[in-house]
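Peer 1: Residue numbers (my numbering), protein chains in the order written: chain A, 1 to 245; chain B, 1 to 67.
Simulated from the structure, these hints should not be mistaken for laboratory data.
Remember, predicted model here, so these are calculated numbers, not experimental data.
From the three backbone atoms N, C-alpha and C, an ideal C-beta is built for every residue, glycine too.
Any given hint could turn out to be false.
Not close to chain A: a few residues of chain B, all C-beta gaps over 12 Å, as computed [as the list claims (entries may be wrong)]:
no., residue
1, G13
2, A22
3, D53
4, L65
If the Cβ cut is set under 10 Å, some of the chain A residues that face chain B in the computed set are [unchecked claim]:
no., residue
5, T89
6, A96
7, T101
8, S105
9, T107
10, A109
11, G134
12, S150
13, Y151
14, N155
15, T164
16, Y227
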Amino acid sequence: MPNEQTSVPLFVANTVLTASQQNLSAGTGVPVFATTVTRDAAFGGSNKALAEGQLCYLSSTNVVQYYDGAAWATVGPSTASGLTFITGTTFSAQTAVSLPTSTFSATYANYRIIFNITSASNDANDYIRFRTSGTDNTTSTYSSAAKFLSYAGTNTDTYAVADTLGYTFGHGTAIGATRVWDIINPQATAYTLANFSGNIAFGGAGGYGGGGVGFLATTSFDSMTFYTPTGTITGSYKVYGYSNS
Amino acid sequence: MATQTVRPTVQIGDEVREMNDAEFAQYEIDQAANIARLKADADKETARQAVLDRLGITADEAALLLG
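Produce the complete structure using the sequences and hints provided.
Peer 2: Structure, rendered in C-alpha cells:
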C-alpha cells in the first residue's frame, strides 16, 4: 500500500525534512504499517520514543491500534469478536422470502438472523428451508421441535422427523411474528442446525416460542427461505455473521 | 378463453418475481401438507377436549393434576 512505512523518523537539529516524509505525514495522520512486525521494527532503535498514546494502522488486519505504554491495543474495527452485518431488506405481501445467494459463505461459520413479520394476510404457519445456488432443498431431511406458550397461558408442542421443511409455529394478522435465528454451520459440509426464539403466534394467538430445526445431512447451503403456505407476509430481515474468533 | 394463473410471488434479496414452475409445484405440495398438519392439530385438540369432557374437568384443572 502507498501509505505503508517501514520507519518512524526522529528529527534532530539540522535534519533535513524531505518532501516524501512530509507527504507521508500529511497523507496518513497516523503511521501505516503492513504488519505488526514492520510496526515494531519502525518504532525500534535507541533513538526512537514509543510512548503511550501512539497510534498506528495495520494493513494486514485493517485495524487502528494505540500504544498504552506497555502494549498495542486495537481501537477498531476489531476483527476479534462480534457480529458483522451481511445483508438485509424489507418485503411486502410475499409468500416466500429468500436470502440472496451466497449470504452464507466461508467467511463465517455461524449466522444470526432477525426475521420480523410486521403484518400478514392470514393467521398461518411459518416454515423454513435451506437453499443452494438459488434452489430450496425439499428433501425429507428436516427435523423440527418447538414449544409455544400463548400470552393466555396455553402450552403447545410440535415436532416432526424427516420432513420436507422446518416448522416454526406461525404468525398472526394482529401481532405478526418476530424470530431471532442462529444458523449453525450452513456452509460447512456438516449438519445445519437452526435455533429460533421470539414473540410468535399459533392459531392466531400471540405468545412466546422457541425451537430448533435440524437439517440432518452434510449439505452445504448458501442461503435459506422463510415461507408461509397460506397468504402473504410483510416485514424485514437482517443477517449478521458471527466472527470466527 | 384461456385463463391466466396468478402465482404467488417470492422475494430473493431485493428481487420480486412470480414462482417458477418448480417452485409453484412445491408450493401446491406444501399447501396440501399444511392442510393435513392443521387437520391433525385440530383432531388432537378435539381428542384432548373429549378426554376432558369425559373426566368432567377443565384444561386448567388437568394441568394442575399433571403438575
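Peer 1: Where does the structure disagree with the numbered hints, that is, which hint numbers, in rising order?
Peer 2: 1, 2, 8, 9, 10, 12, 13
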